[in-house]
Amino acid sequence: MSRVRSALSNPWGRPRFLWVIGIGYVVWTTIPIVHAVLFSFNETRSISTFTGFSLRWWLSDPDDSLLQDPAIRHAIVQTLKLASLTTLLAVPVGVAFALGLDRWRGRTATTTNFVMMFSFITPELILAVSLFLLFINAFSVIGLGTTAQLLGLTVLALAYPVVIVRARLISLGRDMEEAAMDLGASPTQSLRRVTLPLLLPAILASGAIVFAIALDDFVTVQQLAQDAPTATVSMYIYGTARGAPTPAANAVGTLMLSASTLIIVLAYVFYRRSVRKQGTQVAAGVELPA
Amino acid sequence: MSEAAPGVGRPRPRRSAAVRAAWFPRWFWPAFATPAALFLLVFFVFAFYVTLAVTFGGIDPILQTPDPQWNPARWNTDALAFTFSNITHSDGIYHASFLRTIAYVATATFLCLVIGYPFAYFLARHAGRWRGLFLALFLAPFWISYMLRMTAWIGLLEDDGLVNRALQGLGLTSAPIGFLDGKASTLIFGLVYGYVPFMILPLFAVLDRIPASSLEAARDLGASPRATFFRVTLPASRQGIIAGVIICGLPMFGDYFTQQLLAATNGTRMLGNFIVESLQIPIFLTRGSALILVLLALLVVPIVYYLWSTSRASRERLA
Amino acid sequence: MPEQPMWRGLSRREFLRRSAMAGIAVPSLAAILAACGSGAQETEGGGATAATGAQNPYGTGGIGGAPYPLARLDAPVTWNILDDNPPIASGLAPETDTTLKIFNWNYYLSKSLMRQFGEQHGVTVELTTFDDMVEGIAKVTSGQTDFDLFFGVQIYTIGRLIAGGFLQPLNLDYVPNLAANVWDQLHSPFYDTESRYTVPYSIWNTGIMWRNDFVTADIAGLANPYDVFWTDAPPDKTHLLNNSRDLLSLAMFRQGQTDVNTDDPAVIEAAKAQIAEVVAATNAHFDHNDYADVPRGRAYLHQSWSGNVGSAFYFLPEGDTAPNISYYWPGSTEGIPGNVDNDTVTILKGAKNPVLAHLFIDFILDTANATTNYTTYTGYQQPMKDITPESMVGSAVVPEHLASTVVREEDFATGYRLLELAPAVEALWEGAYQEILAGV
Numbered sequence: 001m002s003r004v005r006s007a008l009s010n011p012w013g014r015p016r017f018l019w020v021i022g023i024g025y026v027v028w029t030t031i032p033i034v035h036a037v038l039f040s041f042n043e044t045r046s047i048s049t050f051t052g053f054s055l056r057w058w059l060s061d062p063d064d065s066l067l068q069d070p071a072i073r074h075a076i077v078q079t080l081k082l083a084s085l086t087t088l089l090a091v092p093v094g095v096a097f098a099l100g101l102d103r104w105r106g107r108t109a110t111t112t113n114f115v116m117m118f119s120f121i122t123p124e125l126i127l128a129v130s131l132f133l134l135f136i137n138a139f140s141v142i143g144l145g146t147t148a149q150l151l152g153l154t155v156l157a158l159a160y161p162v163v164i165v166r167a168r169l170i171s172l173g174r175d176m177e178e179a180a181m182d183l184g185a186s187p188t189q190s191l192r193r194v195t196l197p198l199l200l201p202a203i204l205a206s207g208a209i210v211f212a213i214a215l216d217d218f219v220t221v222q223q224l225a226q227d228a229p230t231a232t233v234s235m236y237i238y239g240t241a242r243g244a245p246t247p248a249a250n251a252v253g254t255l256m257l258s259a260s261t262l263i264i265v266l267a268y269v270f271y272r273r274s275v276r277k278q279g280t281q282v283a284a285g286v287e288l289p290a
Numbered sequence: 001m002s003e004a005a006p007g008v009g010r011p012r013p014r015r016s017a018a019v020r021a022a023w024f025p026r027w028f029w030p031a032f033a034t035p036a037a038l039f040l041l042v043f044f045v046f047a048f049y050v051t052l053a054v055t056f057g058g059i060d061p062i063l064q065t066p067d068p069q070w071n072p073a074r075w076n077t078d079a080l081a082f083t084f085s086n087i088t089h090s091d092g093i094y095h096a097s098f099l100r101t102i103a104y105v106a107t108a109t110f111l112c113l114v115i116g117y118p119f120a121y122f123l124a125r126h127a128g129r130w131r132g133l134f135l136a137l138f139l140a141p142f143w144i145s146y147m148l149r150m151t152a153w154i155g156l157l158e159d160d161g162l163v164n165r166a167l168q169g170l171g172l173t174s175a176p177i178g179f180l181d182g183k184a185s186t187l188i189f190g191l192v193y194g195y196v197p198f199m200i201l202p203l204f205a206v207l208d209r210i211p212a213s214s215l216e217a218a219r220d221l222g223a224s225p226r227a228t229f230f231r232v233t234l235p236a237s238r239q240g241i242i243a244g245v246i247i248c249g250l251p252m253f254g255d256y257f258t259q260q261l262l263a264a265t266n267g268t269r270m271l272g273n274f275i276v277e278s279l280q281i282p283i284f285l286t287r288g289s290a291l292i293l294v295l296l297a298l299l300v301v302p303i304v305y306y307l308w309s310t311s312r313a314s315r316e317r318l319a
Numbered sequence: 001m002p003e004q005p006m007w008r009g010l011s012r013r014e015f016l017r018r019s020a021m022a023g024i025a026v027p028s029l030a031a032i033l034a035a036c037g038s039g040a041q042e043t044e045g046g047g048a049t050a051a052t053g054a055q056n057p058y059g060t061g062g063i064g065g066a067p068y069p070l071a072r073l074d075a076p077v078t079w080n081i082l083d084d085n086p087p088i089a090s091g092l093a094p095e096t097d098t099t100l101k102i103f104n105w106n107y108y109l110s111k112s113l114m115r116q117f118g119e120q121h122g123v124t125v126e127l128t129t130f131d132d133m134v135e136g137i138a139k140v141t142s143g144q145t146d147f148d149l150f151f152g153v154q155i156y157t158i159g160r161l162i163a164g165g166f167l168q169p170l171n172l173d174y175v176p177n178l179a180a181n182v183w184d185q186l187h188s189p190f191y192d193t194e195s196r197y198t199v200p201y202s203i204w205n206t207g208i209m210w211r212n213d214f215v216t217a218d219i220a221g222l223a224n225p226y227d228v229f230w231t232d233a234p235p236d237k238t239h240l241l242n243n244s245r246d247l248l249s250l251a252m253f254r255q256g257q258t259d260v261n262t263d264d265p266a267v268i269e270a271a272k273a274q275i276a277e278v279v280a281a282t283n284a285h286f287d288h289n290d291y292a293d294v295p296r297g298r299a300y301l302h303q304s305w306s307g308n309v310g311s312a313f314y315f316l317p318e319g320d321t322a323p324n325i326s327y328y329w330p331g332s333t334e335g336i337p338g339n340v341d342n343d344t345v346t347i348l349k350g351a352k353n354p355v356l357a358h359l360f361i362d363f364i365l366d367t368a369n370a371t372t373n374y375t376t377y378t379g380y381q382q383p384m385k386d387i388t389p390e391s392m393v394g395s396a397v398v399p400e401h402l403a404s405t406v407v408r409e410e411d412f413a414t415g416y417r418l419l420e421l422a423p424a425v426e427a428l429w430e431g432a433y434q435e436i437l438a439g440v
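Chains as they are written, first to last, in our numbering: chain C, 1 to 290; chain B, 1 to 319; chain P, 1 to 440.
Covered stretches of chain B (chain C as the covering partner; in silico rule of three or more C-beta atoms under 8 Å from a C-beta of chain C):
#, region
1, 48 to 56
2, 134 to 141
3, 144 to 151
4, 156 to 164
5, 256 to 265
6, 271 to 282
Since the hints were made in silico from the structure, they are not lab data.
The structure presented is a predicted model; accordingly, all values stated were derived computationally and were not measured.
Ideal Cβ placement from N, Cα and C applies to all residues, glycine included.
Could you put the whole structure together from the sequences, leaning on the hints where they help?
Quick look at the structure:
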């Protein structure tokens, strides 16, 4: 026990115990995913006993496979649609808010920031139910459905671009902008040609995060859904897992997993490249305003 | 003579901060913040007001749909009284579930901390050249569907699933254990599995930030490894622990889907189950919205404490 | 034509709502403080009083107690066709190039039939599902949906839907199969004489489904088959139906109570206590996934609708006769009451494709299609003249040992039905159900 404790607390020692924890955690996290992916190729309906390899749930089952079940297709389309639209809405609004918050020191600014952080930390169920009641009672013109889901997801995701971009703004400081303005740039020019390019990696990172959040969201989209075409992949998997689970749910989960991984990898690569590029730009000197 | 861009090369006087600030018109920055502010005002603050109006309103007797009362002067507190009474009295319908939810969340959050802290510590300080890989594997759950991860466990924990077969194969049990028959332990396990990444993230961020120099200084001053941990590392990570507990624990209060997937019996019902089901029984809808208000009232203290402590910590960092 | 937002009620509705609201108590913070005193509140203060009186704009017949007539076997209801909600005209051409939207239970309508209808008419047929009746009703009454057809509507919810203006009256000129193929006794049922707003969909009885390799009691041979839930129910593997009516009536039937539409709080309370016993002893689950759970061994004893037994065959391998699954309707036993029922198909008001909706109803009432629906997918029998027990036993969904899942016309005379309750009474039943869920 004391060896364990000293292993934990010794920053210089050989942390074998910690390696066990590290690898153990990763294995614990990953094994279920591998299991789920594997079972999407099961030939029978079971998600617990593997009998043979088959693409039945991906392609051939006439009612329930990924390819042939219209419910799954609608779910995938709706999920991607909501994720993209949420990113397109939340990121610009969030980035603008971060800029405004950083530069404007009013009372209203801090209050809005507080409200936003409050919405960030409130459990999603409270948000989702309030929005449900909102769209049923006050805004029934909009009603439930894709628009409601989009607005709900945006409220949920708004804090992320703000927090990320704001952190970057604070670390950047005002020097670049002020240098640009001293050299004759107008406020909008300095913003467009100095600040925004410097913020690009943070903007993209927050875009990837907002996309990932909207892709996987469950509670909000479920409460605000209207009919089959507004159901998302998470709702579909939940619905079938609760009642009569089929490997088709595993299949669609695997599909989304692959897509997300691809996007994250691309975003990461892009981020690294633009940061490196920015590094060289900064070293060469600030781009002169036209 | 080269064609230089206007303004280049000509010496410009250094401007004072006040003059520089005046470069931007007064409305410039507020204009940036306005869209988000309006958005939150309508779809967060006003949505909350609608919840109040519905809770304190009535039910249309024929349509059996909520009839919100917009005028605070005419608010009807019956639904809130009913809900509150049923939480506080031991024979109330929400009483057991209320206490149970708190117990589950507390246990799951504690387990997340116990599992998450060592891993975060490992990731921050000992992963070495494998750090990128471990980081990527750790971040994976953030973009893998929560539902898929839970469904995976359903498959694993079935009577004929891998876990039972392994236990029987190793001779530890003779009959399959009904993990999915409605056990609190399965549910807590599911919550831990689902939310432990949220515990690790802030812990990692904070443990990563502890400079090696502080630890070396402690060593140089003669502190034992254990003392270093308890007197340098742990206090330095305090903010991360608070953040982790809040970010990991708070979402669990609104859980109903993990319960439905992994336990689904009356004995494991959480508040979230009652809330979501009340929305579907029109005569009970106001009870559901009242439960939302009660939940919010319960959580507002930790929420505000978290917001206050993070803003204080960030101010300290900037200073 | 979009649904009317619900707060812009019709003048008739306004009148009834205001007179009902007059019964609701005036707000007071003292109510909360008072609540801290004695035990937990049983009901919310100031329940709405129903508008009584002979003037009932929604229909004639039935019994009172609600703002709309409540149908009873000896007090049939004829629903009014209101001026602002007429049936569509006859002889219209079906809509083309559109999506017919169906709102239905899960696994309750053959997907191949939907595809077939779509191909026949050159339209897309889209299905949205709900898990339970309360969920379906909540979605429809929210006014936020635009479905054409609402399937599987229980007869104990019809009055509310009609009075709330959510259903449109049918033009039976488009549905000749109703008169031609459906049982005579359901052409003009007591809950909707002349089939003005509904046509019958499935019939079933509510009984007990079990895995005979795990539950060895001779349930069919018991003097009171319902007793098995109290005496022989396997712990952790017992499931009950998850709605207040079916659940509480289980206990009531066990006691020999035949009035399962009672408004007597004592009877409801007694039933609740009985069910609580079962839950305490077995940690019972509440669902209706028996078609998946019983075959794969998640449940060994399940309170079931007979059609769910048939549904199980969709989940089993081809040719499997499920010898380890048994089913019994306690109503078959001498002197024991049981539930027999049918549900309905309706067309929602404001449906964008009313003609297609009527044609789909006619399509599903075709005997061959009904048989396909029953035997290849849903497992639920439809009340067709040509679908006889003799012709069904031996089919894919009714192997010999499961013959008791077939419902005969005579059973309707001996069985008891779940009928519509007044809102205040429904609140009692739902409240008792909530208490069972809460474990109090």
